[in-house]
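Q: Listed in order, the protein sequences are those of chains A and B.
One point on numbering: in my numbering, the residue at position 37 of the first sequence is 37, and numbering is uninterrupted.
Converting from the second sequence to my numbering requires adding 1000 to each position, the first position being numbered 1.
Treat each hint with caution, since some may be false.
[Claimed, not checked] DSS-like, lysine-lysine: derived pairs with alpha carbons at most 25 angstroms apart: (1) A/Lys2 - B/Lys1071; (2) B/Lys1156 - A/Lys2; (3) B/Lys1043 - A/Lys126; (4) A/Lys59 - B/Lys1071.
Bear in mind the hints are in silico, worked out from the structure with no lab data behind them.
Model, not experiment: these values are computed from the prediction.
Number of protein chains: 2
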Amino acid sequence: MKKDLGVMTAVFPMPVLMIGTYDENGKVDVMNAAWGQICDEDKIFLSIDEGHKTYANFKVSKAFTVALADKAHVAVADYFGIASGNRTADKFERTGCRAVKSDKVNAPIIEEFPLVMECELLEFVKTDHVSGVVGKIVNVKAEESALDESGKVDPKKLNALCFDTFQHGYYAIGEQVAKAWNAGAGLMKKE
Amino acid sequence: MKKDLGVMTAVFPMPVLMIGTYDENGKVDVMNAAWGQICDEDKIFLSIDEGHKTYANFKVSKAFTVALADKAHVAVADYFGIASGNRTADKFERTGCRAVKSDKVNAPIIEEFPLVMECELLEFVKTDHVSGVVGKIVNVKAEESALDESGKVDPKKLNALCFDTFQHGYYAIGEQVAKAWNAGAGLMKKE
Chain A
1 MKKDLGVMTA VFPMPVLMIG TYDENGKVDV MNAAWGQICD EDKIFLSIDE GHKTYANFKV
61 SKAFTVALAD KAHVAVADYF GIASGNRTAD KFERTGCRAV KSDKVNAPII EEFPLVMECE
121 LLEFVKTDHV SGVVGKIVNV KAEESALDES GKVDPKKLNA LCFDTFQHGY YAIGEQVAKA
181 WNAGAGLMKK E
Chain B
1001 MKKDLGVMTA VFPMPVLMIG TYDENGKVDV MNAAWGQICD EDKIFLSIDE GHKTYANFKV
1061 SKAFTVALAD KAHVAVADYF GIASGNRTAD KFERTGCRAV KSDKVNAPII EEFPLVMECE
1121 LLEFVKTDHV SGVVGKIVNV KAEESALDES GKVDPKKLNA LCFDTFQHGY YAIGEQVAKA
1181 WNAGAGLMKK E
């Protein structure tokens, strides 16, 4: 029996995305964004409003990185979500994280996070109901420790965080339940 | 040391969203979509292209539901992703799932899934790089079994699936690592 809960942001799980940008002085900023998702095979859409330092940086640098926060760095990842680059001049510095410039785009890569998408800004999207940016994923980098023997990213080794907006918790990933295109194959037979 | 992996849809985790719609004859269709995310406090954005039966249904019914697929129904959820409503007339029927009409919007609620967002179609978004729809979340319904004592959705009881596009696996959620606004509080002190 289902119960009415009213209006809420009930997508679960959400990723814990670390958006890395340079400001007009080449200063590193990182923000924590859950409202981002792939929107095409080589593109990512981020719902970020104009008030953010990151948004201003998009206009200047025309590029950004999107890293996946992992278990080992949950405190830093959470801090990047609660501190403001507009109010805290040393927001990034006080984390002790190390940033290097991407060799693919004009944006910083935060070394502590295990996987990063290097993105070129394609478009600012502003419609009646959507505000955000689209980035073209020109390359993905990941720590060798997050890869399996075949060189593919292994979610179990990645230790990326899952976010929930019901209780505002960060979660680890659990066991693999099934493989896609395999679990539902039985129902396909008659097609 | 990070390794270059090329272009890939590296957002992780992705949700396993079950998009429920009625076609022009009031027939139920459900599709599995990973490329969806909250885009505002009461809105969801889905990147779905025009080729899908679901997209045609959006135009007719002007509403949809978005349910979270859970562990117990991984086979059905996967099937909704591999079968096509355009090619398989009895796509929904052959799953044995039960659908009831939402009391809030003109879209079906699939009883088997533990949580559902009832959405009114707000806008078709078509820009240079984005194609999809925005829905207004008018209500969320969840099974009592997915709620904690205080009546909030409990991710550990929800058993919602996480999807990965690295290995195309469905995963269960693991333990809670930390609470948001708490994990990073130490770094805020000096602000």
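Q: Would the pair lysine 1156 of chain B and lysine 2 of chain A pass a check requiring their Cα atoms to be no farther apart than 25 angstroms?
A: Judged against 25 angstroms, a Cα distance of about 17 angstroms means the pair holds.
Q: Is lysine 2 of chain A within 25 angstroms of lysine 1071 of chain B, Cα to Cα?
A: holds (18 angstroms)
Q: Taken at face value, is the distance from the CA of lysine 126 of chain A to the CA of lysine 1043 of chain B at most 25 angstroms?
A: Within the cut-off at roughly 14 angstroms; holds.
Q: Run the distance test for lysine 59 of chain A versus lysine 1071 of chain B: straight-line Cα separation, threshold 25 angstroms.
A: violated (42 angstroms)
Hint violations for this structure: number 4 only, all remaining hints satisfied.
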